[in-house]
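Work out the full structure: start from the sequences and follow the hints.
Numbering (UniProt numbering), first residue to last: 1 to 504.
Be aware that a few hints might be false.
Label-pair restraints from in silico Cβ distances [said to hold, decoys possible]:
1. D397 / P146: 17 to 25 Å
2. V63 / S88: 24 to 32 Å
3. S180 / K358: 43 to 51 Å
4. F338 / F446: 46 to 54 Å
5. L269 / F446: 56 to 64 Å
6. L464 / S180: 36 to 44 Å
Hint data in this document are derived by calculation from the structure and do not stem from the laboratory.
Model, not experiment: these values are computed from the prediction.
Every residue, glycine too, gets a C-beta built ideally from N, C-alpha and C.
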Amino acid sequence: MRRLSQTIVNLFYVPLLLITLASGVGLILPNIQGMSSSGMRTLDLTYIMAALLVVFRKRVSAVINTIKPAVVKYRWLIFAIFTIALISWQCYLVNLLSGDSIWDPGIIVRTAMGRKSWVTDYFSCNPNTFMLLAVEHWFWLIFGQPNMHTFVVMLNYVNIVLIDGGIVFLALAVKNLLWSTWGFWISLIMGTLVFGITPWVSLPYSDNWAFFLSSIGLLTFVKLLNSKRKTFTIALALVLGVIVAVSYFMKPSLVIFYIAIVIVSLVALFSRRVFVSGLMILALVISLVGGGVTATAIVAYRNHNEVVKIDNNKALPMMHFAAMGIHGSGGYNRADVFKDYRIKSPRQRSASDWKLWKQRLSAFGSKTNYEKFLVQKQMNNTNDGTFAWGGDGTFIDAFEKGNANENSIRKLYMRDGVAVRQQNGYGFVAQILWVLIILLALISAFSARLSVQLMKYTVVGFCLFLLIFEGGRSRYVIQFLPFIIVLSVQGLALIIKWFKEQAA
1 MRRLSQTIVN
11 LFYVPLLLIT
21 LASGVGLILP
31 NIQGMSSSGM
41 RTLDLTYIMA
51 ALLVVFRKRV
61 SAVINTIKPA
71 VVKYRWLIFA
81 IFTIALISWQ
91 CYLVNLLSGD
101 SIWDPGIIVR
111 TAMGRKSWVT
121 DYFSCNPNTF
131 MLLAVEHWFW
141 LIFGQPNMHT
151 FVVMLNYVNI
161 VLIDGGIVFL
171 ALAVKNLLWS
181 TWGFWISLIM
191 GTLVFGITPW
201 VSLPYSDNWA
211 FFLSSIGLLT
221 FVKLLNSKRK
231 TFTIALALVL
241 GVIVAVSYFM
251 KPSLVIFYIA
261 IVIVSLVALF
271 SRRVFVSGLM
281 ILALVISLVG
291 GGVTATAIVA
301 YRNHNEVVKI
311 DNNKALPMMH
321 FAAMGIHGSG
331 GYNRADVFKD
341 YRIKSPRQRS
351 ASDWKLWKQR
361 LSAFGSKTNY
371 EKFLVQKQMN
381 NTNDGTFAWG
391 GDGTFIDAFE
401 KGNANENSIR
411 KLYMRDGVAV
421 RQQNGYGFVA
431 QILWVLIILL
441 ALISAFSARL
451 SVQLMKYTVV
461 GFCLFLLIFE
471 GGRSRYVIQF
481 LPFIIVLSVQ
491 GLALIIKWFK
501 EQAA
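Here you go:
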């Protein structure tokens with residue numbers, strides 16, 4: 001059963017990641033065209049340094065072997081130094097890049113402050129955004145009801161906690177999942193490079209929360225899986241139930257990981273690799289109860305809150321996003337939104353979206369045309385190493401735009417103080433890192449371990465979700481980035497194992 005499951009998941013996993021890898025490689029060179037003169041000089045210098053490392057690799061290896069004992073001995077001191085440097089850089093980015101967003105984050109921030117936004121009934125039409133609104137409103141009250149500039153900056157400081165906490169939780173999960181201490185350090189490095197040092201720390205939106213919730217959900221599940229103590233198991237089960245509920249209301253697609261858990265659990269059960277004990281059943285019941293109570297409380301607060309009035313009859317149905325996801329690039333379509341805004345009846349709205357989805361599917365004319373569309377959409381959904389930074393609306397219009405020295409750094413991510421896609425050297429460097437991450441994740445296809453299969457089912461689930469519903473840009477990858485990093489660490493482990501076997 002385990003081998004059959006491995007074959008099934010790889011039938012989806014390998015083609016999906018091959019598409020991402022091929023299209024990701026194709027974005028590397030175009031990113032050079034947006035680089036400034038200083039960026040090109042930096043690239044040249046990096047190439048020269050890399051070439052020197054290759055030429056003098058024996059001497060470099062000798063130096064590494066010499067300092068390795070000291071690095072191991074003082075690893076926590078080195079870790080502390082790098083942590084301070086990382087947080088300092090993130091704080092700098094927060095103050096440098098924070099600004100107003102003329103799309104969803106801006107709507108949520110304004111409403112959290114009790115201001116009116118430019119979209120009426122936004123939260124009635126998109127009730128899944130209420131969780132973030134409630135959290136930001138509570139922060140606004142805790143922070144002393146500051147003005148918008150101060151509030152956004154403070155929310156972005158919260159982002160630092162979410163991103164760094166998510167990276168640490170992810171590393172701990174890898175350590176426990178793959179039983180590898182070096183995996184802890186590698187995942188820390190990967191998480192920091194691909195997300196921790198990026199400008200995403202300067203945008204208060206649900207993507208950073210999704211990254212954090214995915215990481216802490218993964219760690220909690222792994223700890224629960226390995227727990228032997230009854231009290232600890234019950235506590236973890238309760239926490240996991242709460243995390244599942246909060247994850248669903250923050251970003252509904254986050255439940256894909258927990259669906260993958262069910263699938264892999266069934267595989268383990270039929271493979272006779274797990275014994276169902278009374279404690280496991282108790283943990284399941286407690287998780288369901290904890291999640292159910294949390295979900296009930298959130299729904300009750302949403303329907304009777306003091307921040308915004310929610311009219312559930314105006315909620316956009318799932319088929320709205322499915323119809324949107326099958327048109328154009330598969331991303332946001334303003335015409336679809338306005339069409340459904342005008343339809344007052346929920347039943348008629350759903351029927352209209354079903355009809356529109358069928359029309360758009362028929363418009364492809366053949367299965368091959370639809371397959372071509374899906375390939376292109378998978379590329380759009382996953383190939384951008386910047387995660388489509390600057391790709392939605394007026395992404396960020398910075399509050400502060402002065403100071404010539406700061407502008408030289410700001411230009412890495414913005415043009416004239418406004419965040420734009422793949423600006424200067426950022427897109428190039430991010431793309432190189434992303435291609436390496438995906439390549440390593442692809443190699444993990446050779447592993448049939450159930451823990452690795454769980455990660456693959458999760459990634460496949462997210463990819464299929466984005467292919468069916470609204471996608472069209474790589475920003476959505478952030479929510480399942482932790483699982484991709486786990487697979488990348490596993491891929492690296494397989495490479496190291498292969499080299500050791502060849503050397504033996």
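Results of checking the hints against the structure:
1. D397 / P146: 17 to 25 Å: Given a distance of about 19 Å, which is inside 17 to 25 Å, the answer is holds.
2. V63 / S88: 24 to 32 Å: holds (28 Å)
3. S180 / K358: 43 to 51 Å: holds (49 Å)
4. F338 / F446: 46 to 54 Å: holds (48 Å)
5. L269 / F446: 56 to 64 Å: violated (24 Å)
6. L464 / S180: 36 to 44 Å: At roughly 29 Å between Cβ atoms, S180 and L464 fall outside 36 to 44 Å, so the hint is violated.
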